[in-house]
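**Student:** Each chain, letter by letter, is given below.
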Amino acid sequence: MKKYDFVIIGNSAGGIGCVETLRTLDKDASIAVISDEKYHTYSRALIPYYLDGKIEFDKMYYRPLDFYERMRVDALLGIRITEIDFDKKILKSDDGVVGYGKLLLATGGKPFVPPIEGIDKKKVFTFVKMDDVIGIKDALQSAEKAVVLGGGVIGLMVAEVLKKRGLEVTVVELADRVLAPVVDRTTSMFVEDAFRENGVKIITGNTIKKVLGKENVESVVLEDGTEIPADLLVVGIGVMPRIELVKDTAIETNRGIVVNSRMETTVKDVYACGDCAEVYDFLFDAKRPLPLWPIAYAGGRIAAFNMCGIDREYTNAIAMNAMHFFDLYIINAGLNVADDEEGYEILKKFDEENRIYRKIVLREGKIAGMILVGEVERAGVIINLMRREVDVISFKERLLDGDFGYADLPESIRWRLLYNDVILGVVREP
Amino acid sequence: MRILSKPEVCIGCHLCEIWCAVAHSRSKDIIKAFLYEEPKPVSRIVVEDRMPVSFAIQCRNCDEPECVTACISGALYKDIDGRVVHDSSKCVGCYSCVMACPYGSIRIDKSTQKVVKCDLCDGDPVCVRICPNDALMIVEEGEAYEEV
Ligand SMILES: Cc1cc2nc3c(=O)[nH]c(=O)nc-3n(C[C@H](O)[C@H](O)[C@H](O)COP(=O)(O)OP(=O)(O)OC[C@H]3O[C@@H](n4cnc5c(N)ncnc54)[C@H](O)[C@@H]3O)c2cc1C
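The listed protein sequences derive, respectively, from chains P and R. Counted the way our numbering counts, the first sequence spans residues 1 to 430. Counted the way our numbering counts, the second sequence spans residues 431 to 578.
Next up, chain P with everything else stripped away, as it sits in the complex (with noise of 0.2 Å):
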């Protein structure tokens, strides 16, 4: 049996961000990477870039074709772990064991989805991996009519593609508006005239019942009786945190599995992040599944840190997302949903000619959220003042202009945060 000092389950964004760390660290240390995809690491937030032709299989890569061997990794591709033994330490699969001596999880999500009758026909797919894009584009050959179960950031993704494949294109969402929990009302306004104008028809408050065909999918009908011919069903309604390999172990799960802010689980030498874990939201006060690519990858090195012996902790992780749909451009951080609610102070420009929304959720005196629709540049500058609780009361109309930076800032706050940036103290007086 082959061990190694680290091994890490998963060779995507926390796999990574693990693997990138931990060889920094440690010039000698031995590493290996297990996955049961059998690719080389890919990023999966590419497959929508993929499906539409904007770029080749190769550009999917999340890294050079030498990166194992640069980094000195065994890269056990196509493997899936079936069993944990925390006490020795090993990790079983069907091609035989893997002794491990400090263990990161990263197995990341799986697609969620609902049971319905019908839903197990073919040309039905998720649309969270390589194996997903390859199945849609081989089946797009014959599809004229799509339908997308689903309008949040997933399923739109995958709905303004089809669209621009030339398929017509209906998407079903069970709340009263897309990107529901994602952005507030007057976003999922901007977004579904986005659609719309495209092409693309919504159908909100309502979901599928019952998907009709022979062998392939060929309608589905709705909760009200409508019935949508379809030749492809997509079903992107998100990812659940994928915890099957450590149910039932000493390891605790929540939704996902828990972990400190070491992102240490609660077994000794294994550690977890990204899309399968909880980590703790200090907007939202509380640990939840964010299922994005930069706090994977975060997590990921994070852990490496631990994995090494180097005290380190992720204290400002926040849900964030940047997000395009035909030619709207979205950028949202935070607790942006809120609005006139207790505690929050809302700050809006709203420009419906230009598409300009710019959105600003304060709560004492903090920046809690906030959303830029239509103008995003320099949007990580709002979001440094959020993850570092800078008081903005003093200057927060300025918030809204769409050049908003640092000069707007008071000068002690400023030379503050730039302190490493700027030369101070060069002119003298007289």
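Source of the hints: derived by calculation from the structure; they are not laboratory data. Predicted, not measured: the structure shown is a model, and the values here were computed from it. Treat the hints with care, as some may be off.
[To be verified] Taking lysine-lysine and the DSSO-like style, the derived pairs with C-alpha atoms no more than 30 Å apart in a straight line are:
no.: 1; chain 1: P; residue 1: K349; chain 2: P; residue 2: K396
no.: 2; chain 1: R; residue 1: K458; chain 2: P; residue 2: K129
no.: 3; chain 1: R; residue 1: K544; chain 2: P; residue 2: K201
no.: 4; chain 1: P; residue 1: K247; chain 2: P; residue 2: K92
no.: 5; chain 1: P; residue 1: K164; chain 2: R; residue 2: K544
no.: 6; chain 1: R; residue 1: K540; chain 2: P; residue 2: K54
no.: 7; chain 1: R; residue 1: K540; chain 2: P; residue 2: K201
no.: 8; chain 1: P; residue 1: K349; chain 2: R; residue 2: K544
no.: 9; chain 1: P; residue 1: K201; chain 2: P; residue 2: K287
no.: 10; chain 1: P; residue 1: K129; chain 2: R; residue 2: K470
no.: 11; chain 1: P; residue 1: K268; chain 2: P; residue 2: K27
no.: 12; chain 1: R; residue 1: K540; chain 2: P; residue 2: K164
Given chain P, put chain R with the ligand in place with the hints provided.
**Tutor:** For chain R with the ligand alone, coordinates are given in the frame of chain P:
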């Protein structure tokens, strides 16, 4: 290598932005770049000004860059010399880096929908060279700047 800014002597002339754009244009000629080039070249440096305050800021090449963490395509990475590099051929224009950069130093090139960032002009940054007031200064890693 990092470029530091001296706000007290910056006069907000925006020449660094202009020459940065020229250096990243196709013709590298100021007249041609601004008059005839389509798309117009984009500056990688930003002068923030709310007079009397002004200062220029570009990529800080952070030790643990938020943009690299956020990049979903692998287009942004940190090279062996510690520079944050953007491989445009891999960029899909998702703007995750625009969201993540605390300095607002990743810029959008509207003509390609991709992003652009400071590349330190291969070690001889034009912004530092042309600043008429010496308001920009190169500092090598680990070296403290000299007090004037
Ligand atoms: C279409 C789409 C678009 C997205 N766009 C964005 C975006 O723009 N911005 C953003 O922030 N996020 C986006 N996301 C979310 C982002 O991709 C995820 O948050 C990220 O991939 C999480 O990384 P991870 O390392 O936690 O897990 P994953 O990427 O899910 O990878 C986990 C890996 O572990 C493997 N694995 C699991 N269990 C086992 C086992 N027992 N044995 C072996 N291998 C196993 C899995 O097969 C998988 O390969 C998008 C997601 C999708 C699907």
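**Student:** All the hints need checking, so say for each whether the structure fits it.
**Tutor:** Here is how each hint holds up against the structure:
1. The suggested pairing of P:K349 with P:K396 holds, with an alpha-carbon distance near 12 Å, which does not exceed 30 Å.
2. Annotation: proposed proximity of R:K458 to P:K129 is violated, straight-line Cα distance about 43 Å (limit 30 Å).
3. For a cut-off of 30 Å, the pair hint linking R:K544 to P:K201 stands: about 29 Å separates their Cα positions.
4. Under the criterion of a C-alpha separation no larger than 30 Å, the hint pairing P:K247 with P:K92 is consistent with the structure, at around 15 Å.
5. Between P:K164 and R:K544, the direct Cα distance comes to roughly 19 Å. Compliance with the 30 Å bound is thereby established for this hinted pair.
6. A distance of roughly 17 Å separates the Cα atoms of R:K540 and P:K54; the hinted pair therefore holds under the 30 Å criterion.
7. With a C-alpha separation of about 28 Å, the suggested pairing of R:K540 with P:K201 holds against the 30 Å cut-off.
8. Of the supplied pair hints, the one linking P:K349 and R:K544 holds, its CA atoms being roughly 26 Å apart against a limit of 30 Å.
9. Distance check on the hinted pair: P:K201 and P:K287 sit about 36 Å apart at the alpha-carbon level, beyond 30 Å; violated.
10. Proximity of P:K129 to R:K470 is assessed by CA-CA distance (about 38 Å); at most 30 Å being required, the pair is judged violated.
11. Restraint check for P:K268 and P:K27: satisfied, since their Cα atoms lie roughly 23 Å apart, inside the 30 Å limit.
12. Using a Cα cut-off of 30 Å, the hinted pair R:K540 and P:K164 holds, with the two alpha carbons roughly 21 Å apart.
Figure legend: structure checked against the earlier numbered hints; hints not met, in rising order: 2, 9 and 10.
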